[in-house]
Amino acid sequence: MCGGIVSETLVQNLAVEGVSLPSGVVQRGIDSYVLHTDVGTARIATPAAEVRIGAMHRGAGPKDAKGARWESFDHHLQARAIAAGARLVRARVEKVSLDEAGRPRLGTKDGGADTYDLLAVATGVNSSALKLFEELGIGFRRPQVTKTLIREYYLGQDVIDRHLGTSMHVFLLDIPRLEFAAAIPKGDYVTMCLLGEDVDGALVDAFVASPQVKACMPPGWDPEAKSCQCVPAINVRGVEKPYADRFVFIGDAGVTRLYKDGIGAAYRTAKAAARTALFEGISEEAFARWYMPVCRSIGGDNRLGHLAFLVTRIARRFPFLRRAMLRMATREQERRGAPQRMSGVLWDMFSGSAPYGDILRRMFSPAFLSRFLAAAAASLWPRRRAPSATGTDLEISP
Amino acid sequence: MTSPGELGRAYRDGDVLCRQGEPGDCLFVIQDGEFEVVREEGGKETVVRVARKDELLGEMAIFERAPRSATVRARGAGRALTLDKRNFLKRINEDPSLAFRIIQTMSQRIRELTVRSVELERKLAERPGAGR
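Going down the list, the sequences are from chains A and B. Residues in the first sequence are numbered consecutively from 15, following our numbering. Residues in the second sequence are numbered consecutively from 35, following our numbering.
Treat the hints with care, since some could be wrong.
Some chain A residues near chain B, calculated using beta-carbon distances under 10 Å [unchecked claim]:
| # | residue |
| --- | --- |
| 1 | Thr23 |
| 2 | Glu31 |
| 3 | Glu64 |
| 4 | Ala95 |
| 5 | Ser111 |
| 6 | Leu112 |
| 7 | Gly153 |
| 8 | Val173 |
| 9 | Asp175 |
| 10 | Pro199 |
| 11 | Lys200 |
| 12 | Ser311 |
| 13 | Ser367 |
Heads up, simulated BS3-like pairs for lysine-lysine below, C-alpha to C-alpha not over 27 Å straight-line [said to hold, decoys possible]:
| # | chain 1 | residue 1 | chain 2 | residue 2 |
| --- | --- | --- | --- | --- |
| 14 | A | Lys285 | A | Lys77 |
| 15 | A | Lys285 | B | Lys119 |
| 16 | B | Lys157 | B | Lys124 |
| 17 | B | Lys78 | A | Lys285 |
Hints listed in this document are in silico derivations from the structure and should not be mistaken for laboratory results. All C-beta atoms in this analysis are idealised placements derived from N, C-alpha and C, irrespective of residue type, glycine included.
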């Protein structure tokens, strides 16, 4: 889901490429994740106590946003592209066709039309423009999607500082149909993202009414006092062929990472497309040979991601498994020099910093499994040494 | 009101990012402020350069196993991002173009060093008694 998070990996890659994100764009630097379950909480901090994750608003931000304290991420990148020589045409594309030479031709709402050598399509999946490409006969079929729910709450910077701090809050709750939920503090707002099967009002009501969500939000918080809400689609299975002669589909319009790091996937696919166009050409063959492997690698990792989420789904069903997760993390915290196996896995699952394949490999390593099984066995008797139901605040460094 | 959107780690005046002689296992990207690169020889310190926003520091550690060639410390308040060597090499392996800017930085520094070395040679040659 795109909650406006720039992952640790992307923050670092952009910095190395000379694109440091200014504090006028990053609305809140995130230095930790807090995992909330019905059997306790765990706080997982970034290595070296460094702020490595950026939370920001895309596009225009919440509907009731006042003033211009922060610049939107998209606007910032667009301004950089223009400064580097890009020409911005503000017009709504209503028609796509091919000229006699097979070059893409765009018709706009204002009656304009122009022909281009290459079309890099980065419309996301919520745009009606994708239909134009499906009808073009270039073999493009839109990605499979599911619905997510995003709500924005205005709380003000001071309140957010006091109650949510600089942590992203992730919820692993046994609520039917809820896959994953997160509360992301930003400048003056908290973005709440819910992902699940047929996300609807009843699911949202059950989520916001849970004691874990209420404990995370400030006292007196009214779940109905939202600034805005949307139910956008997200890409859960990428396009089979995200390219054609003179066309390339990047980010959500093509292939993206399952449930998280959508901005990171857009960066990876955009770079792969640019490298192909610059060094190998813009033919279908060039994209098949040089662009598609990056998409295939993301798609292959997503299949493993489904398996990783299946594991969390099982953990959500059985309280003793959730207690085991927290118990194992607690032990790691107590022995700081010891390998941070559970902490590292949790960190990478929530932050999107590592490929799902890498996370699964660590989850199924004999060392991880033996410790987890021991923690699970101990957690069958929760009174012996379990985190309290009101929440154990652990600070864990991966 | 301070901005909650600052990335990296905060350093105060005089705080050390990395120390000469220690093993290098990361590189840094300056987010804000100034950091001085100091070389110590025979108990005397020489400021080799002052690095500013967006500059990369400690990049030699990514490609060499040698100890840090200089100490880097904050000159006033500053912020820097740390990039772990192992993870970064993995990312370069996936996307070699990530190394472009590091190569560019190294190239610029070689150019600067060439100019400085020529200046030093000239100053040495101009010293009284030189060349006799």
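Legend entry - Enumerated hints in conflict with the structure, sorted upward: The structure breaks hints 4, 5, 6, 7, 8, 14, 16 and 17; every other hint is satisfied.
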